[in-house]
Amino acid sequence: MGSDHTSKIVGTAWGLLVLNTLGSAGAKTIVPLPRSLIQMVTMGALVAAFALALAVNLRLRIRAGAFLFWLTLLLVPSVISSADLESGFGALFRCARLALFVGTLWLLSRWWDGGLTFVRHHIRMYFAVLGSVAAGLVISPGAALPELYGGRLVGALWPLTPPQIGQYAAVIIGLTVLLVLGRRTDRTSAVVVIVPSLVLLALTHTRTATLGLLIGLALAIGSLVLTSAAARRFFAWAVLCATVAAVAFSSALQAWFLRGQSQENFSNLTGRAKVWEALLAAPRSTTEKLFGVGLGDKSFGGLPIDNSWLAVYHEQGLTGVALVAAVIIVLGGVALLRPPSLSRACAIFLISYCAIASYTEAGLGDASPYLLHLAVAASLLAAPAAATPLSTPDIPRRHVPRWARRSEVT
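If you read the sequence shown in this note's numbering, its first letter stands for residue 1, the second for the next number, and so on.
No lab work stands behind these hints, which were simulated from the structure alone. Keep in mind that this is a model prediction, so the values were computed, not measured. Keep in mind that a hint or two might mislead.
[What the hints assert, rightly or not] Derived DEER-like restraints, expressed as beta-carbon distance ranges: (1) V195 - P340: 36 to 42 Å; (2) T6 - G301: 21 to 27 Å; (3) A135 - A83: 24 to 30 Å; (4) P340 - R124: 25 to 31 Å; (5) A135 - G301: 33 to 39 Å; (6) A83 - V239: 33 to 39 Å.
For glycine and all other residues, C-beta sits at the position ideal for the given N, C-alpha and C.
Produce the complete structure using the sequences and hints provided.
In structure tokens, the structure reads:
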């Protein structure tokens, strides 16, 4: 099988993983899609991704690493807490999905070599998703900017919420900016990706994605400042433009940031704090504290938890929290120990973005885009595979008579 053909299959498998994590809950679409149909498509995508990854890696060659090791261990509290069916049969189904998801990442880890291959797969797939969002906005602006979400942009062709769209836009903007600074893509292609994504991000009014993008880029570019003149120039211009914008458009930026909310509503994070307090105050047995209540829909009392750490605590207990923390700490520690490079900068951006978003978004303990972002970071931090020298067979030396050696010399 040719390398180009294999690369296309690996990219397709990665795209199917992205499709699987898009979810089935969101805004009303132009053409109503039954949730059962959406779930069939997303689960079918995961099964197909695993099959493709297995087809190109039949010898089961993998790149062992701490990231996948901790993710695999996360299955233990998930299964223990889901086995008693307190959260219903859906918990076991979600465990099987997480196992298949992690198994696919193990199979694809063979191609994790510190290069930018998976960064490009990531950008292409999420740009395609944003393309569907833009198409829905053009076809039916009313459905894409519904009053139910306060006029924020949603997916009108596929049910996507504003935070999802904001997350996808922020991630590909950040990665594309870093590719431009590293001269790994041309400016025309970068503009085609960045400008529409910025427009969509602005229309979502997603504060978490915006802060994650700005802080993540600042940290990533800061890691390149000492070794890249382009990074230094970009950082200086970015600070200057941000200062001018903050002074000239302060009222407009404040209005965008508040989204028409009252100070009280803003201070309790749009009602999230009340859910968090109720979750922490709920009585739990020792087993539930250690292993949680089983994988669910990341909600408590019928309301979304919207915090990765509390969602993991609720569903996978303190054991799950410790494992997820280990994932973030290990990836962050490895990134800090690596010498400055474009791959390291992209990894720092993705890790910091996920860490920031974890405060108001759930997903670090289950198959989600956030785990895919961290998987890309792990692929960027993987050491290149050492070239295996070709072994030559041991050929017995033939005895050459002395007279023959003398004749060769003469």
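Status of each hint after checking the structure:
1. V195 - P340: 36 to 42 Å: The hinted range 36 to 42 Å is violated for V195 and P340, with Cβ atoms some 28 Å apart.
2. T6 - G301: 21 to 27 Å: Given about 48 Å between the Cβ atoms, the range is violated.
3. A135 - A83: 24 to 30 Å: violated, 43 Å
4. P340 - R124: 25 to 31 Å: Holds, at about 26 Å.
5. A135 - G301: 33 to 39 Å: Holds, at about 36 Å.
6. A83 - V239: 33 to 39 Å: violated, 53 Å
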